[in-house]
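Asker: One-letter residues, chain by chain:
Protein chains: 2
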Amino acid sequence: MKTVNLTINQLLDQIAQFTSQETKGVTRLLYDEHWIEAQKFLLELGQMIGLDSGFDQVGNVILTKYGIENDKSVITIGSHIDSVVNAGKYDGIYGVAAAIIAIKELLAEYGAPKKTIQVISFCEEEGSRFPFTFTGSKNLINQLPDDIYQLVDKTGESFEKAQAKAIHALKSRFPLVKALLPTAYAEIHIEQGPVLERLNKEIGIVTAIVAQKRFTVTITGKSNHAGTTPMWLRIDPLKQAVKMINQLEVIALEIGEPFVFTVGEMSISPNASNVIPEEAIFSIDIRHTDEKELQFFEELIYKFAKKQELELDGLEIEINKWTDVCVERMNETYIEALQAICLEKQLSFNLMPSGAGHDTQIVNRIAPTALLFVPSIDGISHSPKEFTTAENLEKGKTVFKQFIYDLAY
Amino acid sequence: MKTVNLTINQLLDQIAQFTSQETKGVTRLLYDEHWIEAQKFLLELGQMIGLDSGFDQVGNVILTKYGIENDKSVITIGSHIDSVVNAGKYDGIYGVAAAIIAIKELLAEYGAPKKTIQVISFCEEEGSRFPFTFTGSKNLINQLPDDIYQLVDKTGESFEKAQAKAIHALKSRFPLVKALLPTAYAEIHIEQGPVLERLNKEIGIVTAIVAQKRFTVTITGKSNHAGTTPMWLRIDPLKQAVKMINQLEVIALEIGEPFVFTVGEMSISPNASNVIPEEAIFSIDIRHTDEKELQFFEELIYKFAKKQELELDGLEIEINKWTDVCVERMNETYIEALQAICLEKQLSFNLMPSGAGHDTQIVNRIAPTALLFVPSIDGISHSPKEFTTAENLEKGKTVFKQFIYDLAY
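In the order they appear, the protein sequences are chains A and B.
FYI, the numbering for the first sequence is 4 to 412, going by our numbering.
FYI, the numbering for the second sequence is 4 to 412, going by our numbering.
There may be inaccurate statements among the hints.
Identical copies look the same in the list; a pair holds intra-copy or inter-copy alike.
When the alpha-carbon atoms are kept at most 27 Å apart in a straight line, the in silico DSSO-like pairs for lysine-lysine are as follows [to be verified]:
(1) LYS216 to LYS246
(2) LYS306 to LYS43
(3) LYS348 to LYS75
(4) LYS309 to LYS246
(5) LYS398 to LYS348
(6) LYS27 to LYS225
Honestly, the hints are just simulated from the structure, not real lab data.
Predicted, not measured: the structure shown is a model, and the values here were computed from it.
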């Protein structure tokens, strides 16, 4: 492997080869054979550019350059190596690639840093193999629950067994280590949304990762013949669902940005064109950086449900909230520093929330964090069509590298 | 079999035994073994009460009492023998049972009629085995298309083969005949709706079988991440579907009775709570006795679709109309006669449209028709829970019998 003048795009193309051949695009799930080869590749790359290269007990790859000053700072940078099924070549791994190339260039240009720099390729963030997310970053901050080891994937293999095999494969050539606890964390990621492209901005500086609530709403009415049941005798759960969603949409648009309200799942039963439905089930996903606004909207959902139940005898509405994640705000000093870097380098930027989750939100629980975005063409992610121009990948790395330099040198 | 003092309920219980044992309630599909046994049973019953008993080329059972006057009147009465899967014991077969008991009693009380009375147990009306409806009544009026013989059921058996086996089974004991063309037709059926029960009426006198249109609406937008795509950049087909259904519902309620507007089918894809849908598909079923109102509503659907497409760049709405059935009005003289009978017998009645289809609407193309309803408890039909009280079954028969008497004696 030649590492001189290696571009991000070249490195991403190399890593994209570690994928299942049975799917479109990239599929590299936690602890599978492609995941093992990808992490081995990064460990080798770390060794080649002079980093202490090892992995921890959950398979996070940890590439460390100890600082020459004997203080306790641990500037941690990275992102995740795993993908969803049929993914693109950017999500997660761009942050790992940018971190590795940034440190490689910094070492070549300025020698050893004053503070320790720790690059992490997190084992897992997506939750695509086992029903659990952020395994890597949760392990880093020592908040990984014990009960995940019994989780099984679609084939019935347990998390514990899959991990044991992967760790065994890595152990044959690389040392098992324990990561240092970060005192600062920075991550760069593709936006996975259309905002930067639409606003024609080169860099996204994330101010907060949004709070998020998800609900399942089940409306039960009375199934009946679509021809013989007059409108006034109907208890139609679909019409009630439609009414509720429509009312909520009006309020959602009034609340305005960055609030988002999505109904992504909907099903009705018995689902026949000539039968009034018995039941309508739909999902609600709401996100905002302001938890008070989310709380307001949540209360509205309950209010509308109660009102509709009271208005129509026989109607039942059950609401199950199954996700409630609080907001994580990025460090304000870092946000200012990143703006200054963009101005200095004459790169356009947008201060913005992240509507998607990232490892940053986990590490943010114990350390100040920074999160950068580069534009996703057409906002597409989790798809082979995911695309960011090579130019934008490099621009993102330039800002990221300067930020690391300012922290560590 | 004892036929003296046989009640409708007893006869329905006997016929309900001709059913698949593998399902709940009654399942007797066109030409299956239970259907054959049921039609044989009716042929035997016809013979016992002195009717010319035979079946035609599609398996309609035809029980005839020739009139003593040598005119060309053929008073035809009956309904269908087939059921849906997991049906009750009333739908269709009640009309056959009431017709047989009415003629049995008329013959016992008054002897041979002046005009010919022809009882028909139509082979099929529901379309539950092959994707085709009203086989029996369409054959009666010589409007059965040739291309149904290649239709296949779920097991791959063709209509042609299934029919040949059934006809063979009937032929061994009963004569193959051709029905006489009706000069009048009367049918009694369970309401399959809640109106008579809610209005506390004993008899429904049907004025018309509604016109009906069915559509499939496909709305295509743009799938995207529910967190990272701001509301202003979304092309969300579910939100557009909800908007359209809600607007149409407002108009539907303004149009008022007997208009009905049902969305019975709905699906969205990819159908994940954290993904803005790419596509929303839903059905529209509209019915009214006034075809102009239906036409108005149909145009409204196209107008709303066009407007929504124009308002949101990238949105596509495709509307496919796949059913368009015109209204069939029952004979006005018969409607008046039936009202007079109810008044005379001190039975409460309701003039009403039928929102469901019946064999009457087919025979109505060539002859004046009458259609009577009895109350369905809770409006339930096509279910083992289908129920009409024995008392109401008898009251319906009383009116029906008087009507036949007035026409044929």
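Asker: So which hints don't hold here, by number, going up?
Answerer: 2 and 3
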